[in-house]
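Chains A and B supply the protein sequences, listed in that same order.
Take the first sequence: its position 51, counting from 1, is numbered 51 in the numbering used here, and each next residue is one higher.
Take the second sequence: its position 257, counting from 1, is numbered 257 in the numbering used here, and each next residue is one higher.
These aren't lab readings, by the way, just hints derived from the structure by calculation.
Mixed in with the good hints, there may be bad ones.
To be verified - FRET-style restraints, in silico, Cβ to Cβ:
1) B/Pro257 / A/Lys78: 33 to 41 Å
2) A/Asn85 / B/Leu253: 52 to 60 Å
3) A/Arg15 / B/Ser260: 41 to 49 Å
4) A/Asp67 / B/Val265: 19 to 27 Å
5) B/Glu262 / A/Asp67: 50 to 58 Å
6) A/Ala68 / B/Arg115: 17 to 25 Å
7) A/Leu84 / B/Val104: 30 to 38 Å
8) A/Lys103 / B/Asn101: 45 to 53 Å
9) A/Lys78 / B/Leu249: 19 to 27 Å
10) B/Gln105 / A/Glu32: 45 to 53 Å
11) A/Asp86 / B/Thr273: 35 to 43 Å
12) B/Val265 / A/Asp57: 50 to 58 Å
Cβ atoms here follow ideal geometry from the backbone N, Cα and C, with glycine treated the same way.
Each chain is listed here by its residues.
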Amino acid sequence: MTPNDLIDALRDLDRELHSTRVTTFYRSQDDESRARFVGLRGYVAQALADALHAQLDELATALQQHDAELSEGLADLKRAVRGLNDAVKTLNILGDVLTALSKVVPGVLDHVL
Amino acid sequence: MPAKSARIAPAARAAPRLPPKSGRVILAAQPRIPVSHRLALLVLLTALPLAPGCATTNPYVAFADAGSAYAARLDEVLIAAEKSGIDATSWRLLDSDGLSNTTVQAYTESSDSDRARAAVLRRLRHHGDVLARYFGGLSQLASTDAPQRASDAAGKAHGAIETAWNDASALGEGLRTNLAFPPAQAVTETGKVIVGQIVKGALRKELELRGDLIAREIATQEALLATIADTVSHDLRIGQAVAERLLVLDPLLADAPISSPESWVATRQRILTAEQTIEEVRAARAAARALRETFEALASGTAGDSK
Numbered sequence: 001m002t003p004n005d006l007i008d009a010l011r012d013l014d015r016e017l018h019s020t021r022v023t024t025f026y027r028s029q030d031d032e033s034r035a036r037f038v039g040l041r042g043y044v045a046q047a048l049a050d051a052l053h054a055q056l057d058e059l060a061t062a063l064q065q066h067d068a069e070l071s072e073g074l075a076d077l078k079r080a081v082r083g084l085n086d087a088v089k090t091l092n093i094l095g096d097v098l099t100a101l102s103k104v105v106p107g108v109l110d111h112v113l
Numbered sequence: 001m002p003a004k005s006a007r008i009a010p011a012a013r014a015a016p017r018l019p020p021k022s023g024r025v026i027l028a029a030q031p032r033i034p035v036s037h038r039l040a041l042l043v044l045l046t047a048l049p050l051a052p053g054c055a056t057t058n059p060y061v062a063f064a065d066a067g068s069a070y071a072a073r074l075d076e077v078l079i080a081a082e083k084s085g086i087d088a089t090s091w092r093l094l095d096s097d098g099l100s101n102t103t104v105q106a107y108t109e110s111s112d113s114d115r116a117r118a119a120v121l122r123r124l125r126h127h128g129d130v131l132a133r134y135f136g137g138l139s140q141l142a143s144t145d146a147p148q149r150a151s152d153a154a155g156k157a158h159g160a161i162e163t164a165w166n167d168a169s170a171l172g173e174g175l176r177t178n179l180a181f182p183p184a185q186a187v188t189e190t191g192k193v194i195v196g197q198i199v200k201g202a203l204r205k206e207l208e209l210r211g212d213l214i215a216r217e218i219a220t221q222e223a224l225l226a227t228i229a230d231t232v233s234h235d236l237r238i239g240q241a242v243a244e245r246l247l248v249l250d251p252l253l254a255d256a257p258i259s260s261p262e263s264w265v266a267t268r269q270r271i272l273t274a275e276q277t278i279e280e281v282r283a284a285r286a287a288a289r290a291l292r293e294t295f296e297a298l299a300s301g302t303a304g305d306s307k
């Protein structure tokens, strides 16, 4: 995954998490899930911002090192968001992706952990 | 959630803007001048004798003008990008507030993020300004033809362009290495600049010394604009989605009937027909292309002599 691939993936995810389908789904969840969704969605936007501001060479190297984990996580998340069957499970997967992102995008770690 | 460092991307928790009502936005950047016309212009410029100090058709003047025009267009697009980012943040805040009550901390972090983004945009604007100053210096260098004053004028021009170049190249280097935009690939593939035989004197020296680097700075600006276009487009798309939900769907789904049907219809039409990029981006990209083309004309001298 290249830095540009990552940025494209994060933009797609950011838009998906702001779609009417996903937002409406989480509106019907309990307070805790709604608050968690808002927080994690904010971290995705933050990760996108950080990726756009990252040192290119460092980002590319980190992406190579964690490519498998990140690619797998993003694929899992895509499936979960598409299916949207389990609000908590989807948030857990999103949290895992953000944890993986924290290893490649400086700054995200501060937010997630 | 702690505040973050400066960035150009959409603000963390914030979000997009409602696209303008007017038809000033477009879906994709289009060249302002048809390709055939631009080619004709390029041929015209490169075919001109490089008589220093001649009128506005002179490639030196055209290049300096293109540099100034580009800086002005860049200014506009950066202002527009700043506004679209702030609007995006506002939409994100409103959307999130509908799910879970926003805290003062979350709001403050979003605003800090907007301010940080504005700071990055100011840095980009400064790069455009110093580049334009450098290009103006190059033009001066080329037009120092009065024999008695040539040496002094060339010396002054040299001093000005030296300072401007140092500023521009330092900023450009920062853009290429510290930000993931413009993509490195886009700015490392600039071709070798061949200085035409007709280009003489101080300008020739300058172009031989820095021609390749100038081409890279111009390529940086073009790549930068591509990234800004993507960022603005992303902001607008999220804003559009949130605006449709908050201003169109929610009132429709509410138990109470729509209070002002005409207004609701107009709002829905405006949101659904909104474009996903802005006129300022298109104009700036056209100006960047013109800058590159006039630089190529300047460096190559006449079309017949360029290699």
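How the hints compare with the structure:
Between B/Pro257 and A/Lys78 the beta carbon distance is about 39 Å. The supplied range of 33 to 41 Å therefore holds. Distance hint check for A/Asn85 and B/Leu253: the Cβ-Cβ separation is about 23 Å, which falls outside the suggested range of 52 to 60 Å. Evaluation of the 41 to 49 Å hint for A/Arg15 and B/Ser260 yields a failure: the beta carbon distance comes to about 30 Å. For A/Asp67 paired with B/Val265, a C-beta distance near 49 Å fails the hint of 19 to 27 Å.
Between B/Glu262 and A/Asp67 the Cβ separation comes to about 53 Å, which falls inside the hinted range of 50 to 58 Å. Between A/Ala68 and B/Arg115 the C-beta distance comes to about 37 Å, which lies outside the given range of 17 to 25 Å. Checking the proposed 30 to 38 Å range against A/Leu84 and B/Val104 shows it holds: the Cβ atoms sit about 31 Å from each other. Taking the beta carbon of each, A/Lys103 and B/Asn101 are about 32 Å apart, not inside 45 to 53 Å as hinted.
Take A/Lys78 and B/Leu249: their Cβ atoms lie about 24 Å apart, and the range 19 to 27 Å holds. For B/Gln105 and A/Glu32, the Cβ-Cβ distance of about 18 Å falls outside the hinted range of 45 to 53 Å, so the restraint is violated. Between A/Asp86 and B/Thr273 the beta carbons are some 36 Å apart, a value that agrees with the proposed interval 35 to 43 Å. Roughly 52 Å separates the CB atoms of B/Val265 and A/Asp57, a value that falls within the hinted 50 to 58 Å.
The structure does not agree with the numbered hints 2, 3, 4, 6, 8 and 10 stated previously, though it agrees with the rest.
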